[in-house]
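Taken in sequence, the protein lines are chains A and B.
Using the working numbering, the first residue of the first sequence is number 1, and each one after it goes up by one.
Using the working numbering, the first residue of the second sequence is number 117, and each one after it goes up by one.
It is possible that some hints are incorrect.
[Unchecked claim] Which residues of chain B face chain A? A partial, calculated answer using Cβ under 10 Å:
{"id": "1", "residue": "SER149"}
{"id": "2", "residue": "TYR151"}
{"id": "3", "residue": "PHE163"}
{"id": "4", "residue": "GLN164"}
{"id": "5", "residue": "SER202"}
{"id": "6", "residue": "PHE217"}
{"id": "7", "residue": "ARG223"}
{"id": "8", "residue": "LEU227"}
Keep in mind that the hints were calculated from the coordinates and are not lab data.
Quick caveat, the model's predicted, so the values are computed rather than measured.
Each residue gets a CB set at the ideal place from its N, CA and C atoms; glycine is no exception.
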Amino acid sequence: AQTVTQSQPEMSVQEAETVTLSCTYDTSESNYYLFWYKQPPSRQMILVIRQEAYKQQNATENRFSVNFQKAAKSFSLKISDSQLGDTAMYFCAFMKRGGGAQKLVFGQGTRLTINP
Amino acid sequence: ETGVTQSPTHLIKTRGQQVTLRCSSQSGHNTVSWYQQALGQGPQFIFQYYREEENGRGNFPPRFSGLQFPNYSSELNVNALELDDSALYLCASSPVNNEQFFGPGTRLTVL
Numbered sequence: 001a002q003t004v005t006q007s008q009p010e011m012s013v014q015e016a017e018t019v020t021l022s023c024t025y026d027t028s029e030s031n032y033y034l035f036w037y038k039q040p041p042s043r044q045m046i047l048v049i050r051q052e053a054y055k056q057q058n059a060t061e062n063r064f065s066v067n068f069q070k071a072a073k074s075f076s077l078k079i080s081d082s083q084l085g086d087t088a089m090y091f092c093a094f095m096k097r098g099g100g101a102q103k104l105v106f107g108q109g110t111r112l113t114i115n116p
Numbered sequence: 117e118t119g120v121t122q123s124p125t126h127l128i129k130t131r132g133q134q135v136t137l138r139c140s141s142q143s144g145h146n147t148v149s150w151y152q153q154a155l156g157q158g159p160q161f162i163f164q165y166y167r168e169e170e171n172g173r174g175n176f177p178p179r180f181s182g183l184q185f186p187n188y189s190s191e192l193n194v195n196a197l198e199l200d201d202s203a204l205y206l207c208a209s210s211p212v213n214n215e216q217f218f219g220p221g222t223r224l225t226v227l
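The shape of chain B in the complex, shown without the other chains (with noise of 0.2 Å):
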C-alpha cells in the first residue's frame, strides 16, 4: 500500500510569483487536508477537501486556494507569495472521520 506522496519536496520562489503543490493520497482515502508548518511551530490547518469539494477551511487568505481531483489526490495553490508564506506545507489522507496520514511536506522558500 502507498502512502501519502507530495512533490516537489523542495521549491524556491520569489515574492509576488504563484505556487502550486502536489499531494497523493493513500490508496482507499476520499479526504485531503492541506497545513502550512512554520519553523518551530506546530502546523496550521489552511483547508480540507472530501469528494472534490472543500469541506472546511482554516484562517488563510483567499490566494490559498485547493483543488482535489476524481482520484482524491490533491493541489495546493498559494498565489501572490510572500516572505511569510516561507514554511513546510504538510498534505494529510484520510478516510471520513478517521485518524491523518501526513506526507512528507514540501519545503517552500519565499525570497
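Only chain A is shown next, with the shape it has when bound in the complex (with noise of 0.2 Å):
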C-alpha cells in the first residue's frame, strides 16, 4: 500500500516571498503520478501541479514548481512570489498508473497562510 507523508502541518509566509512545502511518499510502484492540490476555505480541490514519475524533468506551473527525488521519494513544492490567495490547505496526492482504480492517495496536508 502506498502512503504519503506531509510533516508540515502548517506554515506561514509574508506576501511575495518564496515557501517551500514537503512531502514524502511510500511506494513499491514503478509507474505513477505525483499531484499537489490546493483546498481553499470553499473547500473546492483544485490541482496545482502534476509530476509524472518516469519524467525527469521537475513540472512547472507559472510561480509553482516541484522538486522531485524519486530515489528518496521526495516531492516538495515551491510556490514563488506568494500571493493572498495561495492561502489554502496544500495536499500532496500519489496516484498509480496502469489497470485497477486509479485511486488518489492523499497526504494529511499543510495549512498555509500568507500574510499581507
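Since each chain comes alone in its own frame, lean on the hints to assemble the complex.
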C-alpha cells in the first residue's frame, strides 16, 4: 500500500516570499503520478501541479514548481512570489498508473497562510 | 464546459438514517471517484466507478454503496449512518488514466 506524509501541519509566510512545502511518499510501484492539490476555504479541491514519475524534469506551472527526488521518494512544492490568494490547505497526492482503480492517496495536508 | 457538480451542498441527518449524495461528472469523463474527508484530514478513497461498474474500493464498510448511470453521473449511498460519517464527501471525475477533477463537495453532519 502507498502512503503519503506531509510533515508540516502549518506554515505561514509574508506576501511575495517564497515557500516550500514538503512531501514524502512510500511505494513499491515504478509507474505513478504525483500531485499537489490546493483546497481553499471554499472546499473545492484544485489541481496545482502534476508530475509523472518517469519524467526526470521537474514540473513547473507559473509560480509553482516541484522538486521531485524519485530515489528519495520526495516531492516538495515551491511557491514563488506568494500571493494572498495562495492561502489554503495544500495536499500532496499519489496515484498509481496502469490497471485497476485510479485512486488518489492523499497526505494529511499543510495549512498555508500568506500574510499581507 | 460544465465542471463537476454535487448535490446537496449541506445536509444534516440523525444516526441510523440513510443518505444519498449525487454527483454529475464533467463532460467526456467516464470515471467517477468518491472520497471522504474528515475535518482536518486528507481525503480518503471510498470507491470508483467506470462505465457503470465498481472499479475499486477503499477500506469502507458495505453500508457505503454507489451507482453510476449511463450518463456517467453517480450516487453515493450510506446506510445506518454513524456519528463518524460526518465529513465532507468529494466526488471527482476523470477520463480513464488521467487527472481527477473535483466537485465542491457535500458536507454531511450526523447528529
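Now for the hints, and whether the structure bears them out:
Interface hint status for SER149 of chain B: upheld, as the beta-carbon distance to the closest one in chain A is roughly 7 Å, under 10 Å. The criterion of a C-beta within 10 Å of any C-beta in chain A is met by TYR151 of chain B, whose closest approach is roughly 7 Å, and the hint holds. A least Cβ separation of about 8 Å between PHE163 of chain B and chain A falls short of the 10 Å threshold, and the interface hint therefore holds. With a cut of 10 Å, the hint placing GLN164 of chain B at the interface with chain A holds, because the nearest CB-to-CB distance is about 4 Å.
The interface hint given for SER202 of chain B is broken, as the beta carbon of that residue sits about 15 Å from the closest beta carbon of chain A, more than 10 Å. Annotation: interface hint on PHE217 of chain B holds; nearest CB of chain A at approximately 8 Å, less than 10 Å. This hint holds: ARG223 of chain B has a C-beta 8 Å from the nearest C-beta of chain A, less than the 10 Å allowed. The beta carbon of LEU227 of chain B is not positioned within 10 Å of any beta carbon in chain A (closest approach about 21 Å), and the interface hint is therefore violated.
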